[in-house]
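Based on the hints, put chains E and Y in the right spot on chain C.
Chains as they are written, first to last, in my numbering: chain C, 2 to 332; chain E, 14 to 283; chain Y, 862 to 1247.
Treat the hints with care, since some could be wrong.
Simulated restraints on C-beta separations [unchecked claim]: (1) Glu1121/Y with Lys108/E: 51 to 59 Å; (2) Ser1015/Y with Ala234/C: 33 to 41 Å; (3) Arg147/C with Ser170/E: 18 to 26 Å; (4) Ser246/C with Arg1205/Y: 30 to 38 Å; (5) Arg106/E with Pro878/Y: 28 to 36 Å.
From the structure, some residues in chain C lie toward chain E, with a derived Cβ separation under 8 Å [to be verified]: (6) Phe57; (7) Leu98; (8) Asn150; (9) Gly237; (10) Ile268.
Keep in mind that the hints were calculated from the coordinates and are not lab data. The beta-carbon is built from N, C-alpha and C at its ideal position, and this holds for glycine as well.
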Amino acid sequence: MGQLGRVLGLGADQLTLNLPGPVSNRLAWIRRGLATMGISGRALVIAAPAAWLTLFFLVPLAVVFGISLATKEFGQPPYSDLLTTSDKGTVQLTLHLSNYIRIFTDPSNIYINAFLSSIRIAAISTVFAILLGYPMAYAIARAPDRWRNILLMLVILPFWTSFLLRVYALSGFLRGEGVINNVLGVFGIAPLTMMQTDFAVYVGIVYSYLPFFILPLYTNLVKLDPALLEASADLGARPIRTFFSITLPLSMPGVIAGAMLVFIPAIGEFVIPSLLGGPGTQMIGRILWDEFFSKTNWPRAAALAITMLIIVVIPIMLMQRAQNAVVEGRR
Amino acid sequence: MGRNRWFLPVASSIGFIFLYAPILSLVVFSFNANRLVTVWSGFSTQAYADLWADPQLLPAAWLSLQIAAVSATIALVLGTLCAVALVRFRRFRGKTVLQATVSAPLVMPDVITGIALLLLFVTMQSLIGWPQGRGVLTIILAHSTFCTAYVTVVVQSRLADFDMSLEEAAMDLGASPVRVFFDITLPIIAPALVSGWLLAFTLSLDDLVIASFVSGPGSSTLPMIIFSKVRLGVAPEVNALATIIIGVVAVGVVFATIYGLRQGGKQKQA
Amino acid sequence: MAKKPQLAADTRPWRDPAAKPFVRIRNVTKKFGDVAAVDDLSLDIYQGELFCLLGGSGSGKSTLLRMLAGFESPTSGTIEIDGQDMSNVAPYNRPINMMFQSYALFPHMSVWNNIAYGLKRDHMGSAEIAARVDELLKLVKLEPYAQRKPHQLSGGQRQRVALARALAKRPKLLLLDEPLGALDKKLREETQFELVKIQETLGVTFIVVTHDQEEAMSLATRIGVMNQGEIAMIGEPAEIYEFPNSRFVAGFIGSVNMVEGVVTEDEPDHVRIHSEDLGTDIYVEHGVDCSPEQILWWAIRPEKVELTRDRPQTPPGIPEGANLVKGYVEDIAYLGDMTVYQVRLDNGRYMRVTKTNTRRGDPDAISWDETVWASWAGSSGSVLTN
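Only chain C is shown next, with the shape it has when bound in the complex (with noise of 0.2 Å):
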């Protein structure tokens, strides 16, 4: 124990770790070699993570620009290469832009109503989240204190419990001979199709998405003074009224912020039109997937997903400005 002691400081509720002679003077040399070379602490923290994140996300969506640009080939890998030397020695530089003159000029306009209706899909389910969601989070922020943190535990219970096994179970209670269907049988009313339908996804996304919206406005709402409330009622507001005048235009930064973490990934789901919706059902994420796994077209895939970056970064932006507005709202 007394050499123990002699490496390991136990304090009262501290750990110290006294680095034997040579594990110590290594270190110590080490960083007066790189105090040396100039490095600070401060240089390293940014480096580390900044270093790993351009290698593998911004690289990353270089290339898939880049290679957007290629043909399919037979081959490993699957795509052209952009970059190729003729017979006389000269290097070229070959882009195709087959890909993207296809994506908005296929006669079947297969992908511009992919796009479509991913985006008309990713805002209706938006739009029931919303509805959906705001009382509960306007109710859970409105709640006594014991009731609100057990309310907030039940909301984020699901979210922590797989999103794929909740769509699977969404699907069970779904589908021809699912829980629904049994219990309208019970009543004798015929079984409902709706699985496999553009319903079903709203009810998919809706059912998984659902945390997302509402713990930012809660967050939001939770802040709001209920004075202003007060006041608002004092001066002769409805409750209605001060909803509408006072409550709904303070909490708008909380509400595009939970929207925005709904839609813009709703965009590209893949999982839930797959389990949960039809042939008629094409979002685009669906289509990105088949492009590449079912008929090994790279190169397409990879224009469909810098179309589908492209639309998804306008939302984006708008999310980090109300993300700002939420954070303006806490000071």
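Only chains E and Y this time, still in chain C's reference frame:
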């Protein structure tokens, strides 16, 4: 909302029922004797036996757990560094770029992230020969990347609320900046680090799309196996697995909430 | 500049021209962007002082304190502590400790560990640390609370832990940022005396930053009044209060009646000022460094003015009608130990006069609407040229 007291409770109850009904039905029907799962015909634990015997599910679950643990830990380190840089360093070149890069994976559709990372790995392989093929390593790299974003958000928000005078007091008493970080900052933000790790762990465990893109032969994760089973129809052993997962998560969340409530009462926010 | 009487020689180091200052602040400026929070400030503080930096918000006092502690570096100028230039010295290497306004107690450490923290950074032996921490706990009377965490203590107790922690390393200089701000009035008064006692016993140099004049006046050996990044006046509390060097200082400390006037007589032994604000002449019984016909200001503290029902006799040497005004009592505030009279003068202006209630339940006290004469002695007011 005043006189209409019925509106809020009713509307929120509908919401909560909506959230939980499918999950509960999943649990209930995992004990269904009927293989059709959604028509009740008696209590049985057959599904659990099937789960135990299934050659794919449990090994995939084990693999996913390991991948999640490693990815979460990497993401924790990177994410904390990012958060420190974004909150504490007032200005540096590329700060806005870093902030944007770190927030983008939060909302970007999985398919974009997935295809981007796969194409990166393919290109890297043809350029420098690494990574060799796709497998567990590429999944870990991919998961660490998008999980870093979530960890950064959690830690960043905690750091932004941090009372700097505590660090100044420590420096005033003779602690160097590194000491201050380990003695003062880290212990106080520890709960945020834990929830960041758990968040990253859950997201990694649950990821289907990205793993599908960047995995290779023999490295199928749990979501991939589940997905291939359920797209063909209902699978009782999946219900059983789901029930176990839900049970573990529920216990964990309940304990965490109780712990958090007790801590919140004791310690004032620092 | 008002002249002040010569005082007997004493041991106060700032009066000794040969004494070496412990802290030398030389031409320090601190800019945030284009705004100078501290502007070309120079100040000497001597060992053993309890020096107060007094100022409102935005006066630069907190910035100056932070520069002394090392959390900000001056944009220009130097700070020397005990002869050592602090220009590149980090906060953790300075022989200074600070008591923070919010106390900044480490929430995850017990009282004992909070106090021991600085000692551990000095790599003191554990037996030594234990002895020192116990000594400090005794000093601030918190022995039974050693194992408690900060959130389990009251505000006053936390303040004492912060003080003990700051004194643990026996710093030569202790900086205190609004040390009594968070305490209620009763506790504040008790703590004021304790602080002074501790400082005198230990002989540590204290620099206290505060916006509370009463606090500064009761704690300080010397006060530095700050305004917009500059020192307006340095001096002992009595000097600051009785002999302010400017309108700002006169108006900042305590309450004051300040009027504008023009010099009508300028002699080496007296000055006569005609004030329209007062509607009378002011006769000052000493010479003032000014020019004839100069416009200047005159300030008198409310307690230096005497109220009488009948016109008082003119003292010898004072011209008839000078240092005298008539009015009536418009408002009275009875504060228990003293009474504040708001007197409306014949010319419509107001004068504030206070009187200590030396007689219990005085039946003869001046009341509302009574006509009164306000008079003062020739040396009771300050003549201010800026």
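Hint check results:
no.: 1; hint: Glu1121/Y with Lys108/E: 51 to 59 Å; in the structure: holds (54 Å)
no.: 2; hint: Ser1015/Y with Ala234/C: 33 to 41 Å; in the structure: holds (38 Å)
no.: 3; hint: Arg147/C with Ser170/E: 18 to 26 Å; in the structure: holds (25 Å)
no.: 4; hint: Ser246/C with Arg1205/Y: 30 to 38 Å; in the structure: violated (49 Å)
no.: 5; hint: Arg106/E with Pro878/Y: 28 to 36 Å; in the structure: violated (53 Å)
no.: 6; hint: Phe57; in the structure: holds (4 Å)
no.: 7; hint: Leu98; in the structure: violated (18 Å)
no.: 8; hint: Asn150; in the structure: holds (6 Å)
no.: 9; hint: Gly237; in the structure: violated (13 Å)
no.: 10; hint: Ile268; in the structure: holds (6 Å)
Of the hints listed earlier, those the structure fails to meet are numbers 4, 5, 7 and 9, in rising order.
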